[in-house]
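Chemist: This is what each chain is made of:
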Amino acid sequence: MTRALAYWLFRYRRTWQGTVVVSVANPLLFLLAIGAGLGSLVRGDVEGVPYLEFFAPGMLAAAAFQNAFIDAGFGVASARGRERVYQTAVATPLSPGEVMGGHLLFVGLRVFVGALAFVAVMAGFGLFSSSGTAVAVLLAATLTGIAPAAVVAAWAVTVTDFPRLNTVFRFVVMPMYLFSGTFFSVEQLPAALQTIMYALPLWHGADLCRSLALGTATPGTTLLHVAYLGVMAVAGVLIGRVTFRKVLYV
Amino acid sequence: MALIEAEGLEKRYPGTDFTAVAGIGFRVERGEAFGFLGPNGAGKSSTMRMLACVSQPSGGSLRILGDDPVVHGRALRARLGVVPQDDALDLQLTVRENLIVYGLYFGLSLKHMRAKSAELLEFAQLADKAGERVEHLSGGMRRRLTIARSLVNDPEILLLDEPTTGLDPQARHILWDRLFRLKSAGVTLILTTHYMDEAEQLCDRLVIMDKGLIADEGTPRELIDRHVTREVVELRFPPGEQEQAAEKLGGDVEVLPDRLLCYADDGDAALARVTEAGLRPLTALVRRATLEDVFLRLTGRSLTD
Numbered sequence: 109m110t111r112a113l114a115y116w117l118f119r120y121r122r123t124w125q126g127t128v129v130v131s132v133a134n135p136l137l138f139l140l141a142i143g144a145g146l147g148s149l150v151r152g153d154v155e156g157v158p159y160l161e162f163f164a165p166g167m168l169a170a171a172a173f174q175n176a177f178i179d180a181g182f183g184v185a186s187a188r189g190r191e192r193v194y195q196t197a198v199a200t201p202l203s204p205g206e207v208m209g210g211h212l213l214f215v216g217l218r219v220f221v222g223a224l225a226f227v228a229v230m231a232g233f234g235l236f237s238s239s240g241t242a243v244a245v246l247l248a249a250t251l252t253g254i255a256p257a258a259v260v261a262a263w264a265v266t267v268t269d270f271p272r273l274n275t276v277f278r279f280v281v282m283p284m285y286l287f288s289g290t291f292f293s294v295e296q297l298p299a300a301l302q303t304i305m306y307a308l309p310l311w312h313g314a315d316l317c318r319s320l321a322l323g324t325a326t327p328g329t330t331l332l333h334v335a336y337l338g339v340m341a342v343a344g345v346l347i348g349r350v351t352f353r354k355v356l357y358v
Numbered sequence: 002m003a004l005i006e007a008e009g010l011e012k013r014y015p016g017t018d019f020t021a022v023a024g025i026g027f028r029v030e031r032g033e034a035f036g037f038l039g040p041n042g043a044g045k046s047s048t049m050r051m052l053a054c055v056s057q058p059s060g061g062s063l064r065i066l067g068d069d070p071v072v073h074g075r076a077l078r079a080r081l082g083v084v085p086q087d088d089a090l091d092l093q094l095t096v097r098e099n100l101i102v103y104g105l106y107f108g109l110s111l112k113h114m115r116a117k118s119a120e121l122l123e124f125a126q127l128a129d130k131a132g133e134r135v136e137h138l139s140g141g142m143r144r145r146l147t148i149a150r151s152l153v154n155d156p157e158i159l160l161l162d163e164p165t166t167g168l169d170p171q172a173r174h175i176l177w178d179r180l181f182r183l184k185s186a187g188v189t190l191i192l193t194t195h196y197m198d199e200a201e202q203l204c205d206r207l208v209i210m211d212k213g214l215i216a217d218e219g220t221p222r223e224l225i226d227r228h229v230t231r232e233v234v235e236l237r238f239p240p241g242e243q244e245q246a247a248e249k250l251g252g253d254v255e256v257l258p259d260r261l262l263c264y265a266d267d268g269d270a271a272l273a274r275v276t277e278a279g280l281r282p283l284t285a286l287v288r289r290a291t292l293e294d295v296f297l298r299l300t301g302r303s304l305t306d
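So the protein lines, in turn, are chains A and B.
Reminder that position 75 of the first sequence reads as 183 in our numbering, one-by-one numbering, no gaps.
Reminder that position 151 of the second sequence reads as 152 in our numbering, one-by-one numbering, no gaps.
Simulated from the structure, these hints should not be mistaken for laboratory data.
Only a predicted model underlies this, so the values are computations on that prediction, with no experimental measurement involved.
Treat the hints with care, as some may be off.
[Claimed, not checked] From the derived model, a few chain B residues whose C-beta atoms are all more than 10 angstroms from chain A:
1) G67
2) S139
3) D178
4) R274
[Said to hold, decoys possible] Example chain B residues on the side facing chain A (calculated, C-beta under 8 angstroms, incomplete):
5) A79
6) A89
7) L94
[Claimed, not checked] Here are the simulated lysine to aspartate or glutamate pairs, DMTMM-like style, with alpha carbons at most 25 angstroms apart:
8) B:K117 x B:D155
9) B:K184 x B:D87
10) A:K354 x B:D87
11) A:K354 x B:D68
12) B:K212 x B:D18
13) A:K354 x B:E11
14) A:K354 x A:D269
15) B:K184 x B:E157
16) A:K354 x B:D69
17) A:K354 x B:D18
Note that CB positions come from ideal geometry on N, CA and C, so glycine has one too.
Kindly produce the complete structure, drawing on both the sequences and the hints.
Modeler: Listed below in structure tokens is the structure:
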């Protein structure tokens, strides 16, 4: 698995500076524009805290989730398609499972670096009460990205036409991004929609990040969120082992 | 012991009723250059994928280096070199990095790969391109890099799928020269091609494939001797006059859409008979018989339709 990861790290060597700049600039702009700017229009507190404090951890989770989809979805589909990275790798002793594992580790690393930059910006806004809190939120955000990444990778390796990825991005990822309690509380949604959002991964990620950041986390809900995301990650890996093998060993 | 033994080997793709390989048998001995000659769709690439241990046979038996590729695929792939038809190099990495990451896939150390890549780039005549990105390389250079890449693990068997398709004549000759060197160094070469000149140049022995089956097997010379005469006269007639001319000539004649082929042991004598028969072809060419003629004889079609 680390052999397959090494390949991605060689590629990353070329581009990491640029991606880090984007990873810092993005949250900076969002927190300034929406959190501090638009947020100043929000009268009073949201769930007992100023809007910026409410919004930032939700945005962090949403960004991790979205980045994971882009890296795992488009990254995996083009590694299998146009770039033929995987076909090259499975001609060597590497198995399809290792090829997937290496790529997922890399996606995880990217999600982690993105979350790290985001958390650093949040710290700059003075949004954490302690460094321990910041670390917990960082890990929560990373899990929020890794869980869907595994599932998306397992599916994306079977996708040969890119427009399908765009469709899923537009009609599955974007609604989740907007309505999972990221920008406003899920409780403001109609009851039926609330139930749906509770069943989806990003709500668990957003609530996990927010409750840890605001210090409102309880052991029960934290365990539930972590278990949900953990099971999703494991399921993605198990499905991926099958789909990668099926696609690469034809 | 043969390096590769196949018997009744089949490949069908699930979800389709397409049979790519319909039961073929062959043996490859150590140090040989062995070829699969056939048109596109003959089943060559499917066969190569099974030999590369990335495609499970649907039927028959296959042993590579004495082992079953389904069971020992991982260990076997460590001893094979693969040159895919489409190169599949990483365009964003440099020439040297392409070799290094591929070596890492085999579990070779970074230190070892630094030295090894220099040696391989020397062999591939790409030493001066080491630091360049692959996207700036010509087709011939890319193909040589792909061959260099396939050698990182000092493979015992090198599998080459259409090694010179799409290359210009000069690039092909450079490539053939490199492959000859590998063969002299004791590497067993297995290649597919739909170029009969490539098969004649490179292969000690070959099988002719058509529609998933092996039509015949032998050295290029044996195949030519078995199926065609020593020489061939190619005649072109104005459109519409071919059939008539063929009838008039009689004997061993093949009618192609654009020309007639007369098989003869003495081409010049055969050409003289054409003139005696009162026929006036637009062009006439006497040449030695090739594997292309063998293929035509065996299948009734030409290789590059």
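Chemist: Given the proposed pairing of A:K354 with B:D87, does the C-alpha separation stay at or below 25 angstroms?
Modeler: holds, 21 angstroms
Chemist: Would the hint on B:L94 be counted as holding, given a Cβ-Cβ threshold of 8 angstroms to chain A?
Modeler: holds, 6 angstroms
Chemist: Within a Cα-Cα threshold of 25 angstroms, do B:K117 and B:D155 meet the stated pairing?
Modeler: holds, 10 angstroms
Chemist: Within a Cα-Cα threshold of 25 angstroms, do B:K184 and B:E157 meet the stated pairing?
Modeler: Within the cut-off at roughly 11 angstroms; holds.
Chemist: Would the hint linking A:K354 and A:D269 be met if the CA-CA limit is 25 angstroms?
Modeler: Cα-Cα ~17 angstroms, so holds.
Chemist: Measuring from the C-beta of B:A89 to each C-beta in chain A, is the shortest one below 8 angstroms?
Modeler: This interface hint holds because 4 angstroms falls under the 8 angstroms limit.
Chemist: Within 25 angstroms, alpha carbon to alpha carbon, are A:K354 and B:E11?
Modeler: Distance of about 18 angstroms is within 25 angstroms: holds.
Chemist: Below or equal to 25 angstroms on CA atoms is what counts here, so check A:K354 against B:D68.
Modeler: holds, 23 angstroms
Chemist: Between A:K354 and B:D69, is the straight-line Cα distance small enough, at 25 angstroms or below?
Modeler: holds, 20 angstroms
Chemist: Hey, does the B:A79 contact hint survive, CB to chain A under 8 angstroms?
Modeler: Holds, about 5 angstroms.
Chemist: Regarding the pair B:K184 and B:D87, is the alpha-carbon distance no greater than 25 angstroms?
Modeler: This hinted pair holds, its Cα atoms lying about 22 angstroms apart.
Chemist: Closest CB-CB distance from B:G67 to chain A, is it above 10 angstroms?
Modeler: holds, 18 angstroms
In this structure, every one of the numbered hints holds.
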